[in-house]
Amino acid sequence: MSNTYILQLQSNPNYCIGVNAASAGSPLVLSYLQGSGSKLTQWVLDPNSMLITLAAAPNLCVDIKGATAQGSQLVLSDILLGRQSQQWNWLGNPPYISNIAAPTMVIDNSGGNVTAGNLILIWQQNGGTNQQWLRTGVQFVEAATAAALASA
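Going by numbering that gives the first Met the number 0, the residue at position 74 of the sequence shown is 73; the numbering climbs one at a time, nothing skipped.
Please note: incorrect hints may appear among the correct ones.
Pair by pair, the computed Cβ-Cβ distance ranges are [what the hints assert, rightly or not]:
1) Pro93 with Gly24: 25 to 31 Å
2) Gly34 with Gln83: 20 to 26 Å
3) Gly126 with Ala21: 17 to 23 Å
4) Gln9 with Ile99: 18 to 24 Å
5) Thr114 with Gly70: 17 to 23 Å
No wet-lab data here; the hints were simulated from the structure. Think of the CB as a built atom: it goes at the ideal place given N, C-alpha and C, for glycine as much as any other residue.
With the sequences and hints as input, model every part of the structure.
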């Protein structure tokens, strides 16, 4: 579990990146975070392959739907090793998560709309808060949630 994360919106950590279904083609959306999230909001970040896979379905990863262009939607896809549209850099320029195929493009909460179900896209990095993400280890969220419940 040490490489399982919740990708929280830095400006409002009550929201995170998720999907509505663990199936290929499912769009990435902004999800309201409850506790340590669910398997549909937990991601495995592999620094060797640079893949971001869904914890609920390790054969599915974050990919760009169609062309690697500004405004393209992010979806779950079957892993195709070496496919750069599925490779991400979350270490080089935090809090941004950039795409290997298009390094100036980052994961973006469309229009900065902080509403559950809002689409997650790629967009030219512009410094907006809708492009800044926290990588929070699931084990830390679980510990914080347990501590909060114990003190209530």
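Against the structure, the hints:
no.: 1; hint: Pro93 with Gly24: 25 to 31 Å; result: 29 Å, holds
no.: 2; hint: Gly34 with Gln83: 20 to 26 Å; result: 34 Å, violated
no.: 3; hint: Gly126 with Ala21: 17 to 23 Å; result: 33 Å, violated
no.: 4; hint: Gln9 with Ile99: 18 to 24 Å; result: 22 Å, holds
no.: 5; hint: Thr114 with Gly70: 17 to 23 Å; result: 18 Å, holds
Comparing the model with each earlier hint shows violations of hints 2 and 3; every other hint is respected.
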